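Engineer: Starting from the known structure of chain A, fit chain B onto it as the hints suggest.
Here's the letter readout for the chains.
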Amino acid sequence: MQTKMQLRSPRAASCARTLRSRTQPKVMCRAFNSMESPYAEELKKTAAYIAQKGKGILASDESNATTGKRLQSVGVDNTEDNRRDWRELLYTAPGLGQYISGAIMFEETLYQKARDGRQFVDILLAQGIYPGIKVDTGLQMLPGDKGETTTQGLDNLADRCKAYRKQGAKFAKWRAVVKIGEAGCPSTTAILENAHGLARYAQICQENGLVPIVEPEVTLGPGDYSIEETAFWSERVYSHVMRLLNEYGVVLEGILLKPNMCLPGLDAPVASPQDVARVTVRTMMRSIPPAVPGIHFLSGGMSEEEATLNLQALNDEAPNAPWALTFSYGRALQATTLKTWAGKESNWTAAQDILVKLAKANSEAAAGKFKGPHPVPGGGRILQALRTGGAGK
Amino acid sequence: YSATMAADLASVAAKLAAPGKGLLASDESTGTIGKRLEKAGLPNTEDIRRSYRELYYTTPGMGQYISGVIMFKETLYQCTASGRRFVDALADEGILAGIKVDEGLAPLPGGGDGETYTRGLEGLEAACREYVAAGAKFSKWRATLKVSDVLPSDAAVERNADDLARYARICQECGLVPVVEPEILIDGPHSLARFGAVTERVLEATVAALRRHGVLLEGCLLKPQMVIPGSEAEGGRAAPEEVAKHTVAALRRVVPPAIPGIMFLSGGQTEEEATANLNAINREAQAVGRCPWSLSFSFGRALQASVLKLWSSDQTRVSEAQQLALALARANSEAALGLYGTSGASHPSTLSVDSLRENFRGWGGRDAQVTAAGVKGGEEGAAEGGGVAQ
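Protein chains in written order, with the numbering used here: chain A, 91 to 483; chain B, 44 to 433.
This is chain A alone, in the form it adopts within the complex:
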């Protein structure tokens, strides 16, 4: 509990320890944001940079196992070199930095170099793209047979953050997943457990100089639940997460949020961008205080075109939103890029070209200026199953 005591002002800490007589009530007096991280000002600047209007995040932090699945889908073996080549393709795409302000990496990638020997972190920084690092070590099932999960990765997190920062990372990411659509989901345990993990992770990151991306994903899953049901649970989950972040002394001006857009279940009719925007904006307005500089939506299964159109609709709905309404897209920036490359050197430039076009489209949508046509129209949902089992290798 050492860290917790440090979070309170010395006065408050002493009053909590001094138990008065029986007739005086035991009082808890907490002060928010009393955590004096030496990095506070830097964190705020970093967060503001990443959340600048018209830019978004490239989520390329798939674990080795997940990356392997993707590579194998285009006939490429899951080797370290292939994984390295794939990320090199992404990070050296010319002009990517006009549209992308941050790239999230998996641990292996953070330490990798391009074929010409340059560190990936340096390549990214030269493009004006801040390097980020996924620090959670994967999902674990919660008891209850409902398929609910918690996220692991708090052990040794402080040391890992220090090392990652030394290597050049400026921000981190932790993905919590909350399942809805089934009877009993989400349970109170799932909400509390995932919110706690996020808050504790965020606290540790800030203490060690990394901006935490807080990702409470209310996951798009099977079922015909309505968009209003997604909104209901999203509102509850996000507001609980926000409250816990404040209680844990996390400086909200120095975080970024990565939530889901509000979508109906997979077995329900697809919602129009306008409906998605209206419900999602309302949900954010109700639960995210203005201090958070950027809301970077995950693409979570939306097709590339859907992800861009929905983002544009969000910005149409709330052009004066107090936070940036932008993106942190993985699949929605990579799916077609990967298919175009398919592991062949001869496709390298074409693949980079499509990546930059996709990044541009989403950058425009994040500025409310996307007019079309979409570089990859008409794609279907890009789904992947939840992987559990701990640290990806």
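Keep in mind the hints are simulated off the structure, nothing from the lab. Take these hints with a grain of salt, some might be off.
[Said to hold, decoys possible] As a list, the in silico BS3-like pairs of lysine-lysine whose alpha-carbon atoms are at most 30 Å apart: (1) A:LYS143 to B:LYS82; (2) A:LYS143 to A:LYS447; (3) A:LYS135 to B:LYS82; (4) A:LYS143 to A:LYS450; (5) A:LYS203 to A:LYS447; (6) A:LYS434 to A:LYS450; (7) A:LYS203 to A:LYS159; (8) B:LYS352 to A:LYS134; (9) A:LYS203 to A:LYS252.
Quick caveat, the model's predicted, so the values are computed rather than measured.
Structural biologist: Leaving out everything else, chain B in the frame of chain A:
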């Protein structure tokens, strides 16, 4: 709520929080206003109370600066001298009628020294339905919290937040927009920073409680204290820019954008301080950006004290008194837009700097008398020693 109900609540809340407009808090109970009138040399009769309020409610042009007036129960049913219901006279100016629905402070069981909860939940629904029938469109409930080394206790924070949320829910169900007032008392030596931290804690708990009770955030308003140093803090008053910085930072961390308006109370501040601080808050908000709610006022004495002084000296000087009331409202309307002081005119207040400082605005302690109007010392600043200077 049904879609229509939700839309109505949101629309009234938006109207109350319209840019450049604020609330006149003239909901002093009979006992409280009586003290003020008596200090000004006037008898505390129903007719004096009525004609005093009539001053404000019939000031021509008031509707440019005031979007709503909070009334005490007696006043809601009163009329102008010519027989026009106050509610209607206000509506003529486009001003909405509001009603104070709480029944004052009481000591909190299990709380710390001086901590309170607010009474009034019993019978609230029935009362609200009557008020709606009489023309009220919004309501107000005041909780108070004390700051010290060890206060506010969790018990006080959570209890008051919960009661505020229950009140808000009941009001919305009856069609009233609730003004949610968790006043953090300024009495004490605490610093600006400590006050800011307590503000965040209290407001966050309040918002969480509103959410828990299913209150429509788009259909309610918040009435908090500005973040200022304690009345006995070292270094005395803080500059408006400091107040603004701490207030805006605190609000941005805990108040979701869905709430359309933050209507500050002026408790413990002079007329001029309240205006200057409100102005600085809006300037800061504009500079920092991304402050989506209205930052406006719900002032009682800061809009009335000079007026009472003038009118009590000669009740025939109605027009002059009304001009002064309008000027005070205008000054604060400008402040709500961050434009106060740009015209070069000085503040219309006619009272000296120290005269409005209230000594104690919370519960009077175990020895306080419980009167029919609520515990002595509670409500909108009923402290002895406060009041209008002679």
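Engineer: Which hints, by number, does the structure contradict?
Structural biologist: Hints 1, 3, 8 contradicted; others consistent.
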